[in-house]
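If you're matching them up, the sequences are chains A and B in order.
Residue numbers for the first sequence follow our numbering, beginning at 1 and rising by one.
Residue numbers for the second sequence follow our numbering, beginning at 1001 and rising by one.
Because the hints were derived from the structure by calculation, they are not lab data.
There could be a bad hint or two in this list.
[As the list claims (entries may be wrong)] Within a straight-line C-alpha distance of at most 20 Å, the following computed SDA-like cross-link-like pairs (lysine to any residue) qualify:
# : chain 1 : residue 1 : chain 2 : residue 2
1 : A       : Lys95     : B       : Val1011
2 : A       : Lys95     : B       : Asp1109
3 : A       : Lys95     : B       : Arg1005
4 : B       : Lys1144   : B       : Phe1159
5 : A       : Lys193    : A       : Val179
6 : A       : Lys95     : B       : Leu1003
7 : B       : Lys1268   : A       : Met99
[Said to hold, decoys possible] Residues on chain A that point at chain B, a partial pick, calculated with CB under 8 Å:
#  : residue
8  : Ile9
9  : Val112
10 : Phe253
11 : Leu254
Ideal Cβ placement from N, Cα and C applies to all residues, glycine included.
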Amino acid sequence: MNSRHEARIGILFALPWILGFVLLLAYPLVFSLVTSFTNFSVLREPKWIGLSNYQELMSDGVFLTALQNTLLYTLGAVPLGTVLAIALAMLLNAKVKGMAVYRALLFLPTLVPMVAQATLFLWVFNGDYGLLNAALRGIGFSPPNWLGDPAWAKWTLILIAAWGCGQAMLIYLAGLQDVPANLYEAADLDGAKPWHKTRHITLPMISPVILFNVIMAIIGSIQVFAVPQVMFPGGAPARSTYMFAMYLYDNAFLYQRMGYASAMGWVMFLIILALTLAALRLSERHVHYETQ
Amino acid sequence: MRLSRVAFVHVALVLLSILFVLPFLWMLTTAVKPIGETLTSPPRWIPSQVLWSNFPDAVFYGSKELGYVPFLVYARNTVIITILCVVGSVASNTIVAYSFARLRWPGRDLFFAATLATMMVPFPVTMVPTFTLFRWLGWVGSFKPLWVPAYLGSAFAIFLLRQFFRTIPNDLSEAARIDGASEFRVFADIVLPLARPAVTVIALFTFMGTWNDFLGPLIFLTDQNTFTLSLGLQAYQTQHGGTPWNLLMAASLLVILPIIVVFFFAQKTFVHGIATSGFK
Chain A
1 MNSRHEARIG ILFALPWILG FVLLLAYPLV FSLVTSFTNF SVLREPKWIG LSNYQELMSD
61 GVFLTALQNT LLYTLGAVPL GTVLAIALAM LLNAKVKGMA VYRALLFLPT LVPMVAQATL
121 FLWVFNGDYG LLNAALRGIG FSPPNWLGDP AWAKWTLILI AAWGCGQAML IYLAGLQDVP
181 ANLYEAADLD GAKPWHKTRH ITLPMISPVI LFNVIMAIIG SIQVFAVPQV MFPGGAPARS
241 TYMFAMYLYD NAFLYQRMGY ASAMGWVMFL IILALTLAAL RLSERHVHYE TQ
Chain B
1001 MRLSRVAFVH VALVLLSILF VLPFLWMLTT AVKPIGETLT SPPRWIPSQV LWSNFPDAVF
1061 YGSKELGYVP FLVYARNTVI ITILCVVGSV ASNTIVAYSF ARLRWPGRDL FFAATLATMM
1121 VPFPVTMVPT FTLFRWLGWV GSFKPLWVPA YLGSAFAIFL LRQFFRTIPN DLSEAARIDG
1181 ASEFRVFADI VLPLARPAVT VIALFTFMGT WNDFLGPLIF LTDQNTFTLS LGLQAYQTQH
1241 GGTPWNLLMA ASLLVILPII VVFFFAQKTF VHGIATSGFK
C-alpha cells in the first residue's frame, strides 16, 4: 500500500472521531470560553461583558459555598476511597479460599446505577427508620439525623463514594498481581516483617497505579452530581450538600444564565487541571516507575 | 502463609463483605415488605409475609394518573438508547482505534496525544455549548443527543482499543493485503475478530454508562414519556410525598437487575476490562 493511499484510508477511518473531537470537544471548549465573557442566555442576544462573570463568581456566596462543599467532599472521598480500595485489594490478593466470592460481593456495589444508589441510601440513612441508625441505636449510640443535619449530610455522600470503590479496587488488584513474587521471597530471606514488605515493596511497586486512580478519583469527585442531586435536591439541608456541578446545572438550565455557567465550567476545568498537576508534582518523588 | 494470617484475612473479608452487601439485603427485604412494616423501629429484617406483588405494584405505580405505565415506558426508552449507544460505540471506536494503531497518516500522533488530553475535560465545561448545538439542530426532547455522540467515538474507548490492536501481530494483515483484501476487509475480517475481548469490554462499559446516565437525560429529555429509568426513579420519590419505600426499593432493584445479569455472564471480561483500564 503506498503511503498516500494509506493516509487517505487512515483519515477516512478516523473520521467519526475527527468529527466527534471537533463538534463535541474542540468547538464546545472554545465556545464556552467565549461565552464565559458574555451574558449569554437563551432569551437574549449575548453581550460582551469581559471578566464580569469571573468577578461575580469571586463574590457569589452560593458559588463559594458550593465550591467549598465540593472540595471538602473531594478531600473526604478521595483519601477514604483510596485507602479502602488498596486495603481491600491487598486482602483479595492473599492466597486463601473463596476469593471469587469475596471479590464478587465487594465489587457488587459498583454495579448499582447512581440514581439507584441515591434512592437506596436515602433509605439506609433515613433518620427514623433507616438501617444504619437502627444499628447504631442497637449498640447504644444516639445517632445523628444524617440527611437533615448540615454537619452530617456531606458524610453520607462520602460514605456512599467509599461503598462504590470496587472499580479502583479491581485496578489495584491487577497492579498487585503484577508485583514480581521474587521481591517478596528476597525480603522473606532477609526476615522482613509484613508491614515492612507493604511499605517498601508493595506500595512503591503499585505507586503508578495509585497515582492514576487518585487522579481519576479527583476528576470524578469535582464533578459529583447525580447522587447529591437526587438525594438532596437544592443542596438541602442548608446548602450543605450543594455541589459545584449542581450550581452550574442550575445556572445553565434553571436560571438560564449560560454565560455565567460557562465561566463556572472553565473554573472547574482549571481546578481539575491544577489538582492533576499538583498530584503529578507531589508524586514525582514517591512514584516508582520500572525502567525497562 | 501462617494459619493466623489466613484466619485474619478471612475474618476481615467476611466482615467487609457483610458491610458491603448489607445495603442490598436491606433493599431486598424492604422491596417485599408491606408498607406498614417499612416504618417500624427497630426495623424488621424478616417481613411477616413476602409481598412479591410489590414488584408489579412498583411497575404500575402512577399509571392511572398518566394513562400509561411509566416504568415500562422508561424501560423501553432506556433499552432503545442503550442499544443504539452500544452499537454506535463499538462501530465507531473500533475503526477509529484501528486507524490510530495500524495506519499511518500525517498528524496522527499529535492528534492521538490531543485525544488523550481530552479525557481530563469535565463534561460541565462543554455542557452549555453542546446543549445549544443540539437545540439549534432541533434535537432537544428527542433521544438523538443521547445516542448520536456514541457514533462519533470516545477518547477512553479509542485508547483502550488502540492499545489492544497494537498487540495483534501484523503478519496476518500483510498476508491478506497481498491477497488483495481492502483495508476495511483486513480490519473487519482479520483484526476485529482477534480483538473480541477488548471489543466486549467497550460494549460492556458503554452499556453500563448509558444505562446509568443521569445528567444527559436530565438535560436533553423534556417530556415524561421520553424519560429513562434513571430519571424515572428520581420522579418516583419527588412526585409523591410520603415515599412508598417498599415500591421504590422494588423499582430500584428492577433497574439494577439487568446490570447484575450482564455482569454475571460477562464477569471475566468485566474484571479484565477494569483491570486493564488502569493503564498498564
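Hints, one by one, checked against the model:
1. Lys95(A) to Val1011(B): Holds, at roughly 14 Å.
2. Lys95(A) to Asp1109(B): violated, 42 Å
3. Lys95(A) to Arg1005(B): Answer holds: Lys95(A) to Arg1005(B) is near 10 Å, not above 20 Å.
4. Lys1144(B) to Phe1159(B): violated, 25 Å
5. Lys193(A) to Val179(A): With a Cα-Cα distance of about 18 Å, the restraint between Lys193(A) and Val179(A) holds, given a limit of 20 Å.
6. Lys95(A) to Leu1003(B): holds, 12 Å
7. Lys1268(B) to Met99(A): The given pair, whose Cα atoms are some 14 Å apart, holds under the 20 Å limit.
8. Ile9: Constraint on Ile9(A) satisfied, holds at 5 Å.
9. Val112: holds, 5 Å
10. Phe253: Holds - the Cβ of Phe253(A) comes within 8 Å of chain B, reaching about 7 Å at its closest.
11. Leu254: Violated: closest Cβ of chain B sits about 11 Å from Leu254(A), beyond 8 Å.
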